[in-house]
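Build out the structure end to end from the sequences listed, making use of the hints.
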Amino acid sequence: MSFPIGRVILGPVELVLRKVFDWSRHYSLWPAHFVTGCCSPEFMQTAGPRYDMERFGVLPLASVRQSDVLMVVGLVTKKMAKRIKLLYDQMPEPKYVMAIGACPISKGPFRESYSIVSLDEVVPVDVYVPGCPPRPEAILHGVMLLQRLVLEGR
Amino acid sequence: MVVSEAKEIMRISWGPQHPMSGQFRFILETDGENVYEIIPDFGFTHRGIEKILEYRTFVQGIVPFERLAMVDAANVGLAYVRAIEDAAGIEVPKRAQYIRTILCEISRINSHLYAIGLAAEAAGGYPAIFLWTTADRELFLDLAEMLTGARWSYAFFIPGGVRADIPEGFKERALKVLSYFEKRLIAYRDSWLENEIWLTRSRGVGRLSAEDAIKLGAAGPSLRGSGVELDMRKEEKYEAYEELNFKVAVQKEGDCQARFMVRFLEMIESTKIIRQALENLPPGPFKKPVPPKLPKGEGFARVETARGEMDVHVILDGSDKPYRVKVCAPSFRNLYVISKLPKLTKILVADVPVVIWSFDPWYLDADR
Amino acid sequence: MLIDERCIVMAELPIPIPIPLPEWVVEFIALNWETLLKIIIIPGLAFILLFELVAVWFERKFLADAMLRIGPLYCGRVAGWLQLIADALKLTVKELFAPKGAHKVLFYAVPVFAPTIPALAVVLIPFGPDWILFRAGGAGLLLFFALTSLIPVLTILAGWASNNKYTIIGALRSAYLYIAAEMPLFIAAAGVVILAGTFDLVEIVELQSKMWFAIPQFIGFITFFIAMLGASERVPFDIPVAEQELVLGWRTEYTGIAFGLLMTVEYACLLAWSLLFITLYLGGYQGPPILGPGTASGIFWMLVKLGIVVAIAIFLRVVFPRYRIDQALRLGWRYLIPLALLNIFLTLAMKPYMLALLK
Amino acid sequence: MSEEEVIKAISENFGELVVESKVLRPKKVSITVKPEGLVSIATFLRDSLGFDHPLGAGAIDYPAENKIQMVYYIWSMNRRMLIMLRADTPRDNPRLPTLSSVWDQMNLHEREAWEMFGIVFEGHPRLEHLLLPEDWEEGVYPLRKDYKLPER
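Protein chains in written order, with full-length UniProt numbering: chain A, 1 to 154; chain B, 1 to 368; chain C, 1 to 359; chain D, 1 to 152.
Everything labelled a hint here was simulated from the structure, so no lab data went into it. A hint or two may mislead.
Stated by the list, open to error - Residues of chain D clear of chain B, computed beta-carbon distances all greater than 12 angstroms:
(1) E3
(2) L17
(3) S40
(4) T89
(5) D92
(6) V120
(7) E137
(8) E138
To be verified - Keeping only pairs whose Cα atoms sit at most 25 angstroms apart, straight-line, the calculated DSS-like set for lysine-lysine is:
(9) B:K252 with B:K234
(10) B:K321 with D:K145
(11) A:K107 with D:K148
(12) C:K100 with A:K85
(13) A:K95 with A:K85
(14) D:K27 with B:K237
(15) C:K165 with A:K85
(16) B:K215 with D:K27
(17) B:K340 with C:K165
(18) C:K104 with A:K95
(19) D:K27 with B:K293
Claimed, not checked - Some chain D residues flagged as far from chain A (calculated, every beta-carbon gap over 10 angstroms):
(20) V19
(21) S21
(22) V71
(23) R80
(24) E128
C-beta atoms are modelled at their ideal positions from N, C-alpha and C, and glycine is treated no differently.
Quick look at the structure:
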């Protein structure tokens with residue numbers, strides 16, 4: 001079996017590059033404008049002056065094509081679940097999902113409703129932010145958790 | 001897909017994932033610029049709250065009910081609580097009525113700031129005003145948090161009164177916030193309501209005449225923007241609104257600018273109401289004990305939420321859970337008026353966000 | 001490309017090159033190191049990319065400040081200065097894909113060619129008396145306009161190739177807006193050409209040594225600035241990329257580095273037009289010689305004026321909402337073009353007095 | 001008082017069609033009507049009595065009395081009065097004439113009542129799902145009393 005010269009020479013280079021790109025990815029997580037529930041005013045507050053999301057490089061953009069994080073803010077109904085699946089597939093590859101609010105995690109105050117699903121049944125979720133509505137500090141904590149996740153190179 | 005070959009009308013989906021559509025989907029039939037048809041697609045945030053309420057006792061039911069319009073949780077919660085009190089014939093002590101009025105007006109200012117901020121964003125990426133209103137909302141959220149402990153969903157009103165009394169120090173802080181806010185309102189008026197480009201974008205756009213507004217069933221500021229004076233606080237005289245003097249904001253033109261001017265004037269009125277309510281706050285108990293099982297009966301409450309008049313019809317059957325709760329949501333009617341608007345006036349694709357946000361629909365309120 | 005007549009012997013090379021290069025490379029560099037410097041550094045590639053990073057960073061910080069926010073902060077410890085580098089690196093790593101029905105070749109051709117056009121336009125701008133990359137034989141202004149009028153062609157191609165209803169509307173709007181903005185630009189620039197009597201940008205700047213053209217050509221100055229905002233799609237005319245109505249206009253379907261390149265197009269357009277605006281009306285590289293007589297102070301003054309003009313363009317984004325497409329077109333056709341024509345008549349009528357003023 | 005005038009006016013013109021009418025609260029009148037007279041009374045209310053501002057409509061399910069009651073809430077702008085127009089239909093085969101011709105907003109309310117209670121509205125232009133997802137199985141009406149919620 002020939003000696004993996006490529007691995008030996010390029011190994012450290014690839015490691016450095018991975019570190020640099022992970023650093024750059026964790027500082028520019030662009031969510032898409034997508035609020036699906038009653039926590040949306042709290043999401044606006046997090047983007048507001050007091051709890052400014054943009055300090056962490058989180059810049060909400062208009063379309064899903066350019067976004068890295070699918071921040072599902074609020075409840076997910078069966079009808080909305082189809083659209084979320086569609087959106088998740090349209091996102092470019094290194095993508096993450098953040099469930100903000102008690103409803104996407106466990107259907108929240110409407111747990112026995114006939115038309116609500118939890119987000120895990122629709123898309124794989126990376127970070128859960130509980131709270132109904134979660135305080136802006138909780139959402140920012142979720143963003144920091146996601147940044148640590150990205151740094152580990154998930 | 002092309003609807004009709006003759007005018008090359010194509011059907012654009014103003015989908016749930018769109019910066020200005022919130023949790024809703026409009027289907028626009030347009031030929032690129034003129035909009036011929038706006039078809040609302042309900043049901044994206046339908047939680048079946050009326051069914052859930054039948055499985056929750058009265059006090060438990062307040063939490064999901066407030067999720068109808070979280071931005072304006074106090075007024076919405078008040079509608080449900082007043083309906084139960086109306087059905088069971090419960091009298092609320094005077095002090096509780098004043099405290100309820102204060103929190104309702106704080107929540108109204110909150111909701112109107114949200115509407116004005118998003119309208120500035122809809123008019124054309126005007127981020128400064130959107131963020132200024134978000135900054136001012138933080139002040140009112142702190143006030144609500146000091147009074148009730150929660151920023152948005154207060155669950156502060158219960159049948160028979162209020163959960164807790166006003167903490168001391170609340171009055172001074174509220175007066176400080178209100179005086180600062182009145183200066184900010186002047187800043188909004190100069191920099192935005194009289195902004196030349198905003199006027200070209202909103203003056204005469206989405207005009208709704210008074211008869212159409214009544215016939216189609218518009219609600220709240222959308223109705224008062226067309227010159228129809230109907231405000232539940234004056235009609236029903238509930239809570240402390242009877243003793244407080246305030247004017248009903250009405251505008252004649254009925255276009256987007258008029259609707260926002262109504263919301264703007266209502267914010268000024270709300271600050272006056274809070275000041276008066278804080279001045280002559282009566283002493284006495286703030287809560288009356290209410291038995292869990294309420295007698296059989298039927299109650300109907302009409303509350304002026306920030307988006308319009310919400311009517312709740314509650315039927316009790318003697319158990320501790322309501323038999324049936326029927327909610328007539330203002331945003332449901334406003335969305336219907338939006339869908340009928342292209343037939344009344346000419347709307348361009350670029351106008352659609354401004355027109356939609358001038359009615360300030362709250363889609364969770366419409367989907368229940 | 002005019003190679004400099006002065007042939008520099010290798011010995012007098014200003015920068016000693018330690019790297020063991022082959023013979024002919026050293027010879028090539030020795031011969032025209034100055035042109036290489038122009039291509040790579042000042043009006044060339046590095047300048048445009050650096051301007052792009054600094055302008056976007058400044059815009060995000062300035063907007064955040066106007067909105068009582070802080071803006072990017074933690075990515076670079078000081079004031080988030082590394083934020084744009086992080087965004088650019090992240091974009092290069094993103095997955096690239098085209099929508100199902102898209103025309104693959106065209107879809108990927110546009111992001112590759114689009115940034116080159118405004119970059120080419122920047123080449124014609126003089127940064128010093130002899131610090132100009134391509135003098136275009138005395139017709140710099142004409143070539144500039146020829147190049148910048150190619151941009152709407154590419155926008156329509158991109159909009160059509162992305163096979164999405166929104167992008168088609170966005171691309172068509174961008175074309176309408178460009179035509180409505182280009183006409184006043186030509187006519188206003190014509191006023192300057194009549195006054196200066198030549199199309200060569202260097203001579204136009206030389207004429208402004210005593211007094212800038214902004215004062216005699218004041219109406220043209222105002223029209224050019226407003227039309228420039230329209231041409232480079234800055235607020236209040238950023239209708240083709242109206243986030244609220246058309247998601248991202250003709251750029252909606254692009255992901256990863258393609259989207260990054262198309263963002264450079266927007267800022268390179270702004271750079272090109274503001275540089276032309278400076279050379280025509282604000283006296284180009286003219287200014288009190290601070291860093292010595294030659295090109296150094298010229299470059300310094302160009303950068304200072306560029307900073308001011310771009311800051312004003314960014315400030316407008318905070319203050320103004322956006323015009324509707326028909327209002328923008330009406331503004332263009334009904335107000336800007338008559339104003340520009342009035343400016344030409346004035347210059348024709350008062351040319352001798354203006355020239356006396358300039359001497 | 002204007003409430004009595006309204007009740008008197010209605011009982012004169014449609015004596016036998018009116019099952020029951022009472023004044024719930026000051027300025028709130030409730031009238032229960034037979035389904036056949038619904039459209040004629042509604043047009044009478046809108047044209048002559050001035051009830052022109054529709055607020056909403058909903059249904060209530062009474063499995064005990066085997067009936068579903070549809071309630072229309074209409075506000076009169078110049079009388080400053082609210083009327084609750086009610087109509088009962090049997091629970092097993094609920095059928096009602098549509099009122100979308102009288103107040104066009106009822107179009108949406110009736111679609112919601114159809115999908116939640118199963119009331120079929122004759123003459124309704126487009127009886128489709130409004131709030132429930134398109135693939136909701138036929139014949140299941142969530143707001144009826146016999147539809148138990150999954151978890152409970």
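Do the hints match the structure? See the list:
Annotated as non-interface, E3 of chain D keeps its C-beta farther than 12 angstroms from every C-beta of chain B; the closest such distance is 14 angstroms. The beta carbon of L17 of chain D is kept farther than 12 angstroms from every beta carbon of chain B, the shortest such distance being approximately 23 angstroms. Residue placement check: S40 of chain D keeps its beta carbon more than 12 angstroms from all beta carbons of chain B (closest about 20 angstroms). Every Cβ of chain B is farther than 12 angstroms from the Cβ of T89 of chain D; the closest lies at roughly 16 angstroms, confirming the non-interface assignment.
No Cβ of chain B comes within 12 angstroms of the Cβ of D92 of chain D; the nearest lies about 19 angstroms off, and the non-interface call holds. Here V120 of chain D stays apart from chain B, with its beta-carbon at least about 20 angstroms from theirs, past the 12 angstroms limit. With a least CB separation of 15 angstroms from chain B, E137 of chain D remains clear of the 12 angstroms interface cut-off, as annotated. The claim that E138 of chain D lies off the interface holds: its Cβ sits roughly 17 angstroms from the closest Cβ of chain B, which is beyond the 12 angstroms cut-off.
As the CA atoms of K252 of chain B and K234 of chain B are separated by approximately 19 angstroms, the hinted pair is consistent with the 25 angstroms bound. Of the supplied pair hints, the one linking K321 of chain B and K145 of chain D holds, its CA atoms being roughly 13 angstroms apart against a limit of 25 angstroms. Annotation: proposed proximity of K107 of chain A to K148 of chain D holds, straight-line Cα distance about 18 angstroms (limit 25 angstroms). The hinted pair formed by K100 of chain C and K85 of chain A meets the criterion: a straight-line CA distance of about 17 angstroms does not exceed 25 angstroms.
Under the criterion of a C-alpha separation no larger than 25 angstroms, the hint pairing K95 of chain A with K85 of chain A is consistent with the structure, at around 13 angstroms. Between K27 of chain D and K237 of chain B, the direct Cα distance comes to roughly 13 angstroms. Compliance with the 25 angstroms bound is thereby established for this hinted pair. Only pairs whose Cα atoms come within 25 angstroms are accepted, and K165 of chain C paired with K85 of chain A is accepted, the gap being roughly 21 angstroms. Proximity of K215 of chain B to K27 of chain D is assessed by CA-CA distance (about 20 angstroms); at most 25 angstroms being required, the pair is judged to hold.
About 24 angstroms separates the Cα atoms of K340 of chain B and K165 of chain C, which keeps this hinted pair within 25 angstroms; it holds. Straight-line distance between C-alpha atoms of K104 of chain C and K95 of chain A comes to about 23 angstroms, which keeps the hinted pair within the 25 angstroms bound. Our distance criterion of 25 angstroms between C-alpha atoms is broken by K27 of chain D and K293 of chain B, whose separation comes to about 28 angstroms. No beta-carbon of chain A is positioned within 10 angstroms of the beta-carbon of V19 of chain D; the least distance is around 33 angstroms.
Every beta carbon of chain A lies more than 10 angstroms from that of S21 of chain D, the smallest distance being close to 36 angstroms; the non-interface claim holds. For V71 of chain D, the shortest C-beta to C-beta distance to chain A comes to about 23 angstroms, beyond the 10 angstroms cut-off, and the non-interface label holds. R80 of chain D, annotated as away from the interface, keeps every beta carbon of chain A farther than 10 angstroms; the closest lies near 33 angstroms. The non-interface label for E128 of chain D is consistent with chain A: the shortest C-beta to C-beta separation is roughly 14 angstroms, beyond 10 angstroms.
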